[in-house]
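Number of protein chains: 2
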Amino acid sequence: MTAMPPLRRYLPILDWGRTYDKTAFSNDLIAAVIVTIMLIPQSLAYALLAGLPPEAGIYASIVPILLYAVFGTSRALAVGPVAVVSLLTASAVGQVADAGTAGYAMAALTLAFLSGGFLLLLGVLRLGFLANFLSHPVIAGFITASGILIATSQVKHILGVEAQGHTLVELLISLVEHVQNASLPTMLIGLSVTGFLFWVRSGLKPMLQRLGVKPGLASVLTKAGPVAAVVASTLITWGFDLAQSGVKIVGEVPQSLPPLTLPDFSPDLLSALLLPAILLSVIGFVESVSVAQTLAAKKRQRIDPNQELIGLGAANIGAAFTGGYPVTGGFARSVVNFDAGAQTPAAGAFTAVGLAIAAVALTPLVYFLPKATLAGTIVVAVLSLVDFSILRKTWGYSKSDFAAVAVTILLTLGLGVEVGVASGVAISVLLHLYKTSRPHIAEVGLVPATQHFRNINRHAVATDPSVLTLRMDESLYFVNAQFLENLILSRVTEGCAIRDVVLMFSAVNEVDYSALECLEALNARLRDMKVGLHLSEVKGPVMDRLRRTHFIQDLNGEVFLSQYDAWTRLHREPPPNKAAE
Amino acid sequence: MTAMPPLRRYLPILDWGRTYDKTAFSNDLIAAVIVTIMLIPQSLAYALLAGLPPEAGIYASIVPILLYAVFGTSRALAVGPVAVVSLLTASAVGQVADAGTAGYAMAALTLAFLSGGFLLLLGVLRLGFLANFLSHPVIAGFITASGILIATSQVKHILGVEAQGHTLVELLISLVEHVQNASLPTMLIGLSVTGFLFWVRSGLKPMLQRLGVKPGLASVLTKAGPVAAVVASTLITWGFDLAQSGVKIVGEVPQSLPPLTLPDFSPDLLSALLLPAILLSVIGFVESVSVAQTLAAKKRQRIDPNQELIGLGAANIGAAFTGGYPVTGGFARSVVNFDAGAQTPAAGAFTAVGLAIAAVALTPLVYFLPKATLAGTIVVAVLSLVDFSILRKTWGYSKSDFAAVAVTILLTLGLGVEVGVASGVAISVLLHLYKTSRPHIAEVGLVPATQHFRNINRHAVATDPSVLTLRMDESLYFVNAQFLENLILSRVTEGCAIRDVVLMFSAVNEVDYSALECLEALNARLRDMKVGLHLSEVKGPVMDRLRRTHFIQDLNGEVFLSQYDAWTRLHREPPPNKAAE
Chain Z
1 MTAMPPLRRY
11 LPILDWGRTY
21 DKTAFSNDLI
31 AAVIVTIMLI
41 PQSLAYALLA
51 GLPPEAGIYA
61 SIVPILLYAV
71 FGTSRALAVG
81 PVAVVSLLTA
91 SAVGQVADAG
101 TAGYAMAALT
111 LAFLSGGFLL
121 LLGVLRLGFL
131 ANFLSHPVIA
141 GFITASGILI
151 ATSQVKHILG
161 VEAQGHTLVE
171 LLISLVEHVQ
181 NASLPTMLIG
191 LSVTGFLFWV
201 RSGLKPMLQR
211 LGVKPGLASV
221 LTKAGPVAAV
231 VASTLITWGF
241 DLAQSGVKIV
251 GEVPQSLPPL
261 TLPDFSPDLL
271 SALLLPAILL
281 SVIGFVESVS
291 VAQTLAAKKR
301 QRIDPNQELI
311 GLGAANIGAA
321 FTGGYPVTGG
331 FARSVVNFDA
341 GAQTPAAGAF
351 TAVGLAIAAV
361 ALTPLVYFLP
371 KATLAGTIVV
381 AVLSLVDFSI
391 LRKTWGYSKS
401 DFAAVAVTIL
411 LTLGLGVEVG
421 VASGVAISVL
431 LHLYKTSRPH
441 IAEVGLVPAT
451 QHFRNINRHA
461 VATDPSVLTL
471 RMDESLYFVN
481 AQFLENLILS
491 RVTEGCAIRD
501 VVLMFSAVNE
511 VDYSALECLE
521 ALNARLRDMK
531 VGLHLSEVKG
541 PVMDRLRRTH
551 FIQDLNGEVF
561 LSQYDAWTRL
571 HREPPPNKAA
581 E
Chain W
1 MTAMPPLRRY
11 LPILDWGRTY
21 DKTAFSNDLI
31 AAVIVTIMLI
41 PQSLAYALLA
51 GLPPEAGIYA
61 SIVPILLYAV
71 FGTSRALAVG
81 PVAVVSLLTA
91 SAVGQVADAG
101 TAGYAMAALT
111 LAFLSGGFLL
121 LLGVLRLGFL
131 ANFLSHPVIA
141 GFITASGILI
151 ATSQVKHILG
161 VEAQGHTLVE
171 LLISLVEHVQ
181 NASLPTMLIG
191 LSVTGFLFWV
201 RSGLKPMLQR
211 LGVKPGLASV
221 LTKAGPVAAV
231 VASTLITWGF
241 DLAQSGVKIV
251 GEVPQSLPPL
261 TLPDFSPDLL
271 SALLLPAILL
281 SVIGFVESVS
291 VAQTLAAKKR
301 QRIDPNQELI
311 GLGAANIGAA
321 FTGGYPVTGG
331 FARSVVNFDA
341 GAQTPAAGAF
351 TAVGLAIAAV
361 ALTPLVYFLP
371 KATLAGTIVV
381 AVLSLVDFSI
391 LRKTWGYSKS
401 DFAAVAVTIL
411 LTLGLGVEVG
421 VASGVAISVL
431 LHLYKTSRPH
441 IAEVGLVPAT
451 QHFRNINRHA
461 VATDPSVLTL
471 RMDESLYFVN
481 AQFLENLILS
491 RVTEGCAIRD
501 VVLMFSAVNE
511 VDYSALECLE
521 ALNARLRDMK
531 VGLHLSEVKG
541 PVMDRLRRTH
551 FIQDLNGEVF
561 LSQYDAWTRL
571 HREPPPNKAA
581 E
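Note that the protein sequences, when read in sequence, are chains Z and W. Read in order, the letters of the first sequence are residues 1 to 581 in this note's numbering. Read in order, the letters of the second sequence are residues 1 to 581 in this note's numbering.
Source of the hints: derived by calculation from the structure; they are not laboratory data. Using N, Cα and C, we set each Cβ at its ideal position, and we do this for glycine too. Watch out, some of these pointers could steer you wrong.
[As the list claims (entries may be wrong)] Pair by pair, the computed Cβ-Cβ distance ranges are:
1) L487/W / G246/Z: 54 to 64 Å
2) V169/W / S266/Z: 27 to 37 Å
3) T450/W / G341/Z: 52 to 62 Å
4) P267/W / A224/Z: 57 to 67 Å
5) D554/Z / G203/W: 28 to 38 Å
6) S266/Z / F198/W: 48 to 58 Å
Just chain Z, same shape as in the assembly (with noise of 0.2 Å):
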């Protein structure tokens, strides 16, 4: 990143709050009132799948967004809770307490306050990159897992039936379980609320653009159909007293600001959460900060992954002192705020204004919302997040990334969320240095009329027999150190014409300690066989390393600056009657 006085990289407020204007106030009120109508139902629904009151997803939208606005990076991006943290809340919080309890919510807070916690601190560190392991197939692998066992986990709420698990197995045998139970009206709600959702999402659109409806309008009356599914079942429960016929429904919500709450530091508690508050941080930061560049690219803004953290780690913190759960920057609520206009962060504190006018005034109006209405949208919203076509992309593309994806999505799906997400960072990381540990070693020549060289497998080009000339394409170190030892010699015990060995160092990138000392025994064993060992096209930072041992200097050959020298310097001209040819 650029340089910066310090106080504006920690505090980007001062960075656009300088500048801000009229235009850019009312464009962002106007993206606030948009976002706070759809947000209501939405974080009532989120409450419910973390298993918490649904007062928590409204706390947990207030804070976390005004203090996202003080330290975030984003102009767009809408903090609060999302479906996949929510679940993996649920599952963790599942693990200490149980669901309904006073200590459930108590160890929400405590999730939240370690997830803040560790976010904050890798950001003042500047570790945004570990993020990195988690790679892009097994983010896709997770997120269409996790859209399964989300969707799977709110059919119980559809079925007004109890049920239980974190795996798909043990959620569906318990729904097989409690099946006969399904209370008829709950699931009439629940099914006709769920159809007309998707009806909405694929059918509503291109109707209304057919009746000549403008593109914009249409756009937001589809964004409306969640908000329309909560007022009419909610008139229906109401009007024919469904409750007593055994539907759910949300409820007394407690008409307040959100309360000051203390996250409970007993250290039994913390170190229980520990892990899972890591695995969710980093699951939540991730799928923020590729929100946040999604949008930022299409106004060429940009975003500061470190201090990304330290805006999501402040919500978070936020979130646990507000009787809030843990938070992350959400995709549909960000996109919904981007499309609608918001300029700057203060949308989200507009937002944030909304949602505590609508904690204290309106709570009393979802008192007969059914929580199979919830649970409609939940599935409506996660199942748009399943996307196999990343195994088929994969599949084509490279088996190392398909196996990643497999192994996440089938051990998410049958071992939970956590072992799931954790299987597919290690087998990434271990498939990646099983290739590097075999590399691709090329010989080649000389592409006739060029200075440039290539395999000779792929090209056709000149070799000279008394000239091995072996590309490694990977960098040496300990991994498979010995393996190019071994093939090296193996290669060059079987052509005994060959008086030189040029390794092309194009594609070395570090040479570490291991590799040294593999390197210095291959050139002993070389010197002892009379044949010349060299090297070409050594960077500069692995050439500046090696010069600070004796290698170099025993080295049984030179280091030439490109390939084409050591050809030159090398290649004896053939013999006449050859050269005529």
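With chain Z's structure known, arrange chain W on it following the hints.
Chain W alone, transformed into the frame defined by chain Z:
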């Protein structure tokens, strides 16, 4: 490895056995006699180190050595108990049973069985390369720290006190607590033996040479030092009846061939010992293969690491069923075997016969052998392994290699052998990933009068402000994909004259799926900015893979065979007045 009939690949004895002749027989026999004499005290001493009865050390040297002779590929490797593996055995078995109990010996058999099974499995699956995850500096650090731990663990025998612990601090505290109980006659023997053996190692050989003794004979006399110490201290202890004065002696050792034993297959024990067995196997294998390779290289022979796994696996399973404990190829015994002229693994078989005779006939002779003498031989042997120079060497060459060594040494001493070596491996891998996550990217230009391109900051090269050529000094994969995308974009946005970006892929050995997505995003962004994106010097395997996607056809530019081609095509001649300069 070259193609070979499967039976001969798995039974190397069929290879060397067919050409076995009288010369080889007599050479092998002489070597076997020398090694047998050396091994008797050494086997007793290592059994003491492992916390096992002395005969376990002898038994572990008989059947295992025979099985290795059948399945192993090294001509000179001598398999049996070694110092580091004995220490690891004591550490692993000590966690599940008390030293001196029948359960302890049983656990040692089980450990050998698990270790053998694991090595066989790796060998059959041809996964020998996994041992490469132990980098040279980590091994060096581990051996040094183990040597210190082993020497410290033997001090109690030299002082004649009880003391225990698995870390340096535990051992030292325990020694200090018990030092007031030290036995004077034990100390006299222990310290004299230790001092004598140090003198033999450092002072005897030069002295003998000054006295005109031939180097070969001087070397043999030096090697006989431990045997002399054993004989002398046994005679003194017997003659002065020192056992009555508190000198601990070896005592009765059963006079028998190795007994048939069965490991304990209870699931609890197997699962408790599995991880230690894996660790011990890998360390033992690395030690053994490096000795075997060193010796093979001197005679231009080759080792097949995967077949070595099978040989060592068979040896350990043999140890498990014949009253032994985990074994591997030892450095000292193999070097003696090699120097004494062993030509084939038959030398090992003859050594086994010699030790079997010793087990049946000679064990009464060691009744009065003081344990302090054995402890002295161990101390002198392992202190020769202690070599802190690896710290200095890696410090000068590469700070990350230094960090791996330092962590390994500190954690091995401070938290024990298992934590130490596991942390060493983990930190090596993490540091490697960290380095590749922020790769070097050089802007390059044409070296005048060549077709070669080099870093503009290191060489006087020709550049063109409208063409930005960046050499990616790393494979592009998930850990660095985002970093590269950001870096390239910020380079392009800095320079407004840039019309074309060429990514020189000479050092890119892989482009994984995550990196492909980043390249696609980069291509789209540069297209929006009306900047061309070109690739040059893409390697065959990378190009094959990219061709399977839409990336190449969507590319907003060209793929050039060489960077020089890219330059000649994209470079616009500077205006005449500049060209005239």
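Quick rundown of the hints versus the structure:
1. L487/W / G246/Z: 54 to 64 Å: holds, 59 Å
2. V169/W / S266/Z: 27 to 37 Å: holds, 31 Å
3. T450/W / G341/Z: 52 to 62 Å: Distance hint for T450/W, G341/Z holds at roughly 55 Å.
4. P267/W / A224/Z: 57 to 67 Å: Given about 60 Å between the Cβ atoms, the range holds.
5. D554/Z / G203/W: 28 to 38 Å: holds, 32 Å
6. S266/Z / F198/W: 48 to 58 Å: holds, 56 Å
The structure agrees with every numbered hint stated previously.
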